[in-house]
Each structure stands twice: as C-alpha cells, then as structure tokens.
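As given, the protein sequences belong to chains S and F, one line each in that order.
In terms of this note's numbering, the first sequence opens at residue 1 and continues consecutively.
In terms of this note's numbering, the second sequence opens at residue 1001 and continues consecutively.
Honestly, the hints are just simulated from the structure, not real lab data.
Keep in mind that this is a model prediction, so the values were computed, not measured.
Some hints could be false.
Think about it this way: if two alpha-carbon atoms lie no more than 25 Å apart in a straight line, the pair counts; the simulated SDA-like pairs of lysine to any residue are [unchecked claim]:
| # | chain 1 | residue 1 | chain 2 | residue 2 |
| --- | --- | --- | --- | --- |
| 1 | S | Lys51 | S | His318 |
| 2 | F | Lys1476 | F | Val1257 |
| 3 | F | Lys1426 | F | Arg1401 |
| 4 | S | Lys51 | F | Asp1136 |
| 5 | S | Lys275 | F | Leu1336 |
| 6 | S | Lys315 | F | Ala1027 |
| 7 | F | Lys1442 | S | Lys315 |
| 8 | S | Lys40 | S | Lys315 |
| 9 | F | Lys1442 | F | Leu1336 |
| 10 | S | Lys275 | F | Ala1425 |
| 11 | S | Lys51 | F | Ala1460 |
| 12 | S | Lys40 | F | Gly1371 |
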Amino acid sequence: MPALVLPTDDVSLDDVTRSASALRRFLAGLPGVDQVGVEKRAAALATRSIKRDAKLFALDLAIRMTDLTTLEGADTPGRVQSLCAKAQRPDPADATVPAVAAVCVYPDRVGIAREALEGTSVRIASVATAFPSGRAPMSAKIADTQFALDEGADEIDMVIDRGAFLSGDYGRVFDEIRAIVERCADTDGRRTPDGRAHLKVILETGELATYDNVRRASWLALIAGADVIKTSTGKVAPAATLPVTLVMLEAVRDFAALTGQMRGVKAAGGIRTAKDAIRYLVVVHETAGGGWLDPEWFRFGASSLLNDVLMQRAKQTHGVYWTADRIPID
Amino acid sequence: MTDPLLGAGTETTVPDVLTPTWEYAPAPEARDLVTIRSRSGLFIDGAFHDAADGGTFATISPATEEHLADVALAGDADVDRAVAAARRAFASWSRLPGRERGKYLFRIARLLQERAREFAVLESLDNGKPIRETRDVDVPTAAAHFFYHAGWADKLAWAGLGSHPRPLGVAGQVIPWNFPLLMLAWKVAPALACGNTVVLKPAETTPLTALLFADICQQADLPPGVVNILTGAGETGATLVGHEGIDKVAFTGSTAVGKQIQRRLAGTGRRLTLELGGKAANIVFEDAAMDQAIEGIVDGIFFNQGHVCCAGSRLIVQESVHDLVVDKLTRRLATLRLGDPLDKNTDIGAINSRAQLDRITELADAGEAEGAERWELDCPVPDHGFWFRPTVFTGVSPASRIAQEEIFGPVLSVMTFRTPDEAVAKANNTPYGLSAGIWTEKGSRILAMADRLRAGVVWANTFNRFDPTSPFGGYKESGFGREGGRHGLAAYLTTKAA
Chain S
1 MPALVLPTDD
11 VSLDDVTRSA
21 SALRRFLAGL
31 PGVDQVGVEK
41 RAAALATRSI
51 KRDAKLFALD
61 LAIRMTDLTT
71 LEGADTPGRV
81 QSLCAKAQRP
91 DPADATVPAV
101 AAVCVYPDRV
111 GIAREALEGT
121 SVRIASVATA
131 FPSGRAPMSA
141 KIADTQFALD
151 EGADEIDMVI
161 DRGAFLSGDY
171 GRVFDEIRAI
181 VERCADTDGR
191 RTPDGRAHLK
201 VILETGELAT
211 YDNVRRASWL
221 ALIAGADVIK
231 TSTGKVAPAA
241 TLPVTLVMLE
251 AVRDFAALTG
261 QMRGVKAAGG
271 IRTAKDAIRY
281 LVVVHETAGG
291 GWLDPEWFRF
301 GASSLLNDVL
311 MQRAKQTHGV
321 YWTADRIPID
Chain F
1001 MTDPLLGAGT
1011 ETTVPDVLTP
1021 TWEYAPAPEA
1031 RDLVTIRSRS
1041 GLFIDGAFHD
1051 AADGGTFATI
1061 SPATEEHLAD
1071 VALAGDADVD
1081 RAVAAARRAF
1091 ASWSRLPGRE
1101 RGKYLFRIAR
1111 LLQERAREFA
1121 VLESLDNGKP
1131 IRETRDVDVP
1141 TAAAHFFYHA
1151 GWADKLAWAG
1161 LGSHPRPLGV
1171 AGQVIPWNFP
1181 LLMLAWKVAP
1191 ALACGNTVVL
1201 KPAETTPLTA
1211 LLFADICQQA
1221 DLPPGVVNIL
1231 TGAGETGATL
1241 VGHEGIDKVA
1251 FTGSTAVGKQ
1261 IQRRLAGTGR
1271 RLTLELGGKA
1281 ANIVFEDAAM
1291 DQAIEGIVDG
1301 IFFNQGHVCC
1311 AGSRLIVQES
1321 VHDLVVDKLT
1331 RRLATLRLGD
1341 PLDKNTDIGA
1351 INSRAQLDRI
1361 TELADAGEAE
1371 GAERWELDCP
1381 VPDHGFWFRP
1391 TVFTGVSPAS
1401 RIAQEEIFGP
1411 VLSVMTFRTP
1421 DEAVAKANNT
1431 PYGLSAGIWT
1441 EKGSRILAMA
1451 DRLRAGVVWA
1461 NTFNRFDPTS
1471 PFGGYKESGF
1481 GREGGRHGLA
1491 AYLTTKAA
C-alpha cells in the first residue's frame, strides 16, 4: 500500500493541473504548516551530535553535494576558470577529496565553464529567467534559458515570479515553470543520468513570508515538473534556513510517496560552515530519508562553505586544524 | 495545462527511505563530568548525616543496572530531626525580607546553570532519560523555576492574595522519579520564595540529583534547615506526610498514594496539594498542521519514555485522517533512536525501574489481549537494563484498559472521533483531568474545545511545554492545587492573621 501523504485521498495531479482554479484549490487545500512547531523540530534536529566516521561521511557528502557558486556582476573569466579548477579538485594536495557536484554561474559564463570542465563529472549549472528578480518578459526568460542551454549548461536554476505567486496567480507561475521544463526536456548529451538538462526552481523563500507559502510553492514547482526545488537566490535575506528546508523536504518526500517520482532540494545562501551543512544533512536524513543523501537529490548552493568543509575534513583526517592559507582561494 | 509531468523526474524508483544509510557514530556525554559519592547521607540542618539506624539502600542506573551509589534510608527518627530543623529555620527564614530570600533563590538558580552539565549527566545516569532531554529540558527548566520564584519573593503582597500573605510553615514534599530535579524545583522554589522551609523526599529510584542539589544549598550558603532532603522509600514518605510537625504537604505521584495521603490528612488542618496521574487526550482535527501534529504526538507520548503524568497517551483523531495520521506517525517513529541515555543522539532512554517496566509490559499485553492492533518500533534493545520499545495501539476501544488506565510508559492508544462533541465526550471520559491537547488550524475551535475540556492544562498546537509562569495542575483524580505562576504561590501562603 502506498504511503498516505495528504488528507485528501486519491489526488490526481492530472486533475490538479487541468485548470488554474483546480490548481489553486489543490494548493490552498494542502495542510498548513505551524510555524512554532516546524521551528521547534528544526531546532531539535540541529542538536544532533555527529562525530568521527559519521562526520567524515557527512563532510565528503557535503562536498559532493556542493554547487560551487559565483554570481557576481564582477565575475571574470579567470575567476570562473579558477572556480572550475577548484570544483574538480577542491584540495590540490589530497586526491581523496571528492569533486563538487557542479559550478553555478551566469549564462554568459557557461561557455568558459564548459571549456574548463571538459571531460569531468562536474556539471555546469546556470541561473536563468532574469535571475535574481525574475522581473522580465517571458520571451526574455526563455531566451535567457535557451542561451544557457546552447552554451552547454547541464542544469538550469530558474527563479519563479514571486509577484505572481504572492498575488495568487499560481497558473502563471505554473506556466512559466512549464515553459522552462520544456526547454530543458529538449536537450541531450548533458552530464545528468538521463542526458537531459535538469531544472532547479528557485522559490526565493525569503520573499514568500510564510511556511504555508513555502509548502504551496514547493508543490506548485514539483507538479510543474521541477527536478529540484531550491530555497533562494542568495541575493535576498533570509536565504536558506533549516525550517524552510525542512518544509521543502517534506514536500519532496510526500511527492515521492504520492507519485513514485524522486525530486531534489537545494538549500542555497547563508550556509557557510561545515557545522551548518551537517545540520542540513541531518534534516535531510530524518525528514525525507536516507535515500535523499545523494548529490542527485540534495544540493548546497554555496561559495565559502567548501573552504570550511575542507578545514574540518583535514582536522578529521589529520587531527589538526590547518591554517586558512592552505585552502586555495576561489 | 495538460500532460503535467512532461519532462519531469528521471526514471528512478522511490528508495527505501526508512533504512538508515548514515549511521551516527556514538556521541556520549562525558560521564566523568560528575563525581558520584559511593555513599551519601541525609541532608539535615545544612549538613549530611547518616541515618539514625544506619540504614542505606542502593540506587542503580536503569540503563545498565549498574550500581551507582548507596544512600541513607531515612527512618522515623530522621524525619523527626529534619522536621525539627526545618521548624527552627522557619523562625528566621520567614522573617527575612523577601528581597533577601530572593537573593538566595537567584544564587541557587545561577548555580544550577553553572553546574548544568553535571546535573544533566547525573540525572541521565540515575533516571535513564536521554541526556538530550536533561540538558535541554530538565535542568534549564529547573533553573527557570528558581529564577521565576526568586522574582516573586519580594512582591508577594502584589500577588493578589491579600496585602499581607504569610508563609504556612514547614512543608513536607514528596516527589516522583520521572523528573527528579525539575519536580524538586517545582516544590522547593515556591515554598522558599514564600518564606516556608521544606523537608523533601526524592523518589527511591532517583535520589542523586536531589543530593547534588543539597550541595548547591551549601554552596549558596542557604541557612541550615531551610532545605532538608531525606532519601528513602515509601515508608519514609508516609512518615513525612503524616508528621505532626509539618503545616503543609505537597505530593506529586500516583493517584492511589495521593488518596491515602488525603485520607491521612483529613481533619488535621494541614494544607495539601496533590499532583497525580493523568490520561491525557491529544485531539487531532482533520485540518491540523499535520506534520507538526505528528511531532506533537511524538513529544506528547514518547518524551521522557512516556513517564509524564500529563503525557498525551490517548490520541483521539478525526476519523477522516486516522489512516493518514497513523501512517505518518509510524514512519516518523521509525527515526527514533533508542539506547544509551548518555548518547547525545538518543531519543528514547531506559524505563526507570523493573517494577515500572513490568507494569508497562502487563498493560501493553492487556491491550493486545483486548483486541487492539499493536505496532512497535523495530529496533535493537540493549542486553542489560530496562527497555520498552515505543508502541502504538490502533483500534482501541474506550472501554479497554489501555484507554482507561495510566500506563506511564511509551505506549500510545489511538481512537477516533467524528464530531467535536464526540471528541469532547471521549476526551473527558476519564477519571483524570490533568492535561489535553488540541490540533487544528482553526482558532475559534481551539477556544471552544479548551472551554469544554476538563483538564488543568490545555495545549493548542503544541504539547508538553512547561513554563514557570504558567500554572500546572489537575481536575478530578489528577489532583488539586497549582504549581507555577501566580496561582502556584497560593499553595504556600495564607492570608490568615498570625
């Protein structure tokens, strides 16, 4: 018997997406999220004490799950190249350190990254659809995405139109996501298990204001076909938080139970220390389940996190802390 | 908007999400944070003494059955001596300005915080509860009670109990083993703040943190005799509560013993407050924030191994979401970690004693025999010590023993309701009335239900939250009198002229 996830039995996602009003009814009918309760649960999970082998496993996993990110107006080709080098070999002195999952850049830097990552397993993720605000005509969003895909992006990190979402126009958000899903479906030869470009949908939870909205936006993106739901652009505070990520993990867990389809979560922005990363992994482990402890199903979007994880990993393997000068700068 | 799943998801199957793939390494708290004296005396008149007849008894770790210490067994002569010391101390303690009494209580509160890790480790060892709970709940909440009541000590005239409320005298206090330090704090802090002196008897199976608290009284330079601690068994408690030299009895424990005490004190003029058993209803409506309701159910019945008088041991769930709740609950329970109480990742510790384990086992077996469907956590259980797997009964009839009797263990009985009236009727259908929980996103329903539930504490969208500012106590066979808040002060004050 499939696991039950929603108070309403026999949800058919076909019915849900038949009209904008059906979609709105479904999203409004999702069980609420109690703010006090979810924050208490996240805080309790954050007290888990991860030591020795369990810590080393978590640190390596955190590296393998990292989307090493540079999203600055001032990004130079040289900076992207050095980021790509670091992505493949985070610690030049230690070959046992795994490569990260992906580098994440703006569309016009995808070409540079593609050259630098030729022949490696490190994927190229590109933000698109008028990142970070999403305030552009649909034609521009599609062109933005298509450009990144043509340049060779393996993964697209799109932003949703928060204005449309907050005004209740879920149909419009759905249609926009769907349009990008179709562009991604129409690709091949990418470094993903199925060769197709994968889509991460950024909810920008810092602008959604309530956990109820986070839950609705998560389901909306999942129903529309997102491979991964992502917390934040990193350009808005607050970015990723533990309780927001927990709510999103509940959504992918329940979506998997309902449809049999695995989807992922990406926590992006504000995660800077290995200790933070381990807390997120505990939440993944005890909310969605051990099956999500895989770079295909959980990612960290971060720039400085990797350096702290490398420091902690060195401490765990060599018994002493390194000076920060031993960690290559980005 | 057709073909909703176009291009979505890879051809993967849903993994087995329940099998842990990431084993947390053991993370034990350092046991040597606390030094356990192999032999402890009775704390009378500011100093430790052996029992007059030299009697002792052993206290063990329920997680390993390891012998922890021998403590003195107080007899009648020791009770006499302690009550006399408390009486002597009362003369000066009760005349101390409230501000000065408050200083002692603040000092005790700060010392509890400073020595929090020591208390947490010792409580886990002696009681069997997880260090996560002693560290995050028991010890900080105990300190909070002292801070709160320290603040009241010089403001009693403004507590709404008359302009010159007076202390009662010597309080005889008997506390249970489920929250040894916290129950001590609930009893001692208000008594002292109001100007009373106390003779306290901790539970037989958990005397050690009370003795460490005696250390703190010495460290705080509390005047001798203000706090006296007599370790012992049921006999000691019976002698204490029946002693003619005391003015007030405060008891937390079983309803059966509470009734004996009330009979004993009838007609003596001595004041009494009782905080007894419970069989709380945790009511889940179909519109509840479901994932948080599941957490609340877990907190309600599996916190402290279910050794909680206000535990949400009866889950009363709207029938339309019964299967959903049970499904989500059992999946959540599968993540609970049972084992070494000193491991920082342990969620479920040991049952406090063999006697309690036997009682839980008997009632759970009765539930099965009565036809309820039994589910229990599939987890290994240590070879030594007293352990009981978290258990959920579905299809429980309101007439069955597991729906009526207090189990005081990690056992949840699930029943259903159709209408709010039926929920109220089922929730109130118990001799007890200590606490209840309501889970709904509808505010008006919370208020309407809270009005009709006969329980001293009603939690809405949370459970088992304790705060010194909030009065706690029961209806019906759950006892009378309140602890905490302004109401709690009334149990230790009189407005009569001296």
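So which of those numbered hints doesn't the model satisfy? 7, 8, 9, 10, 11, 12
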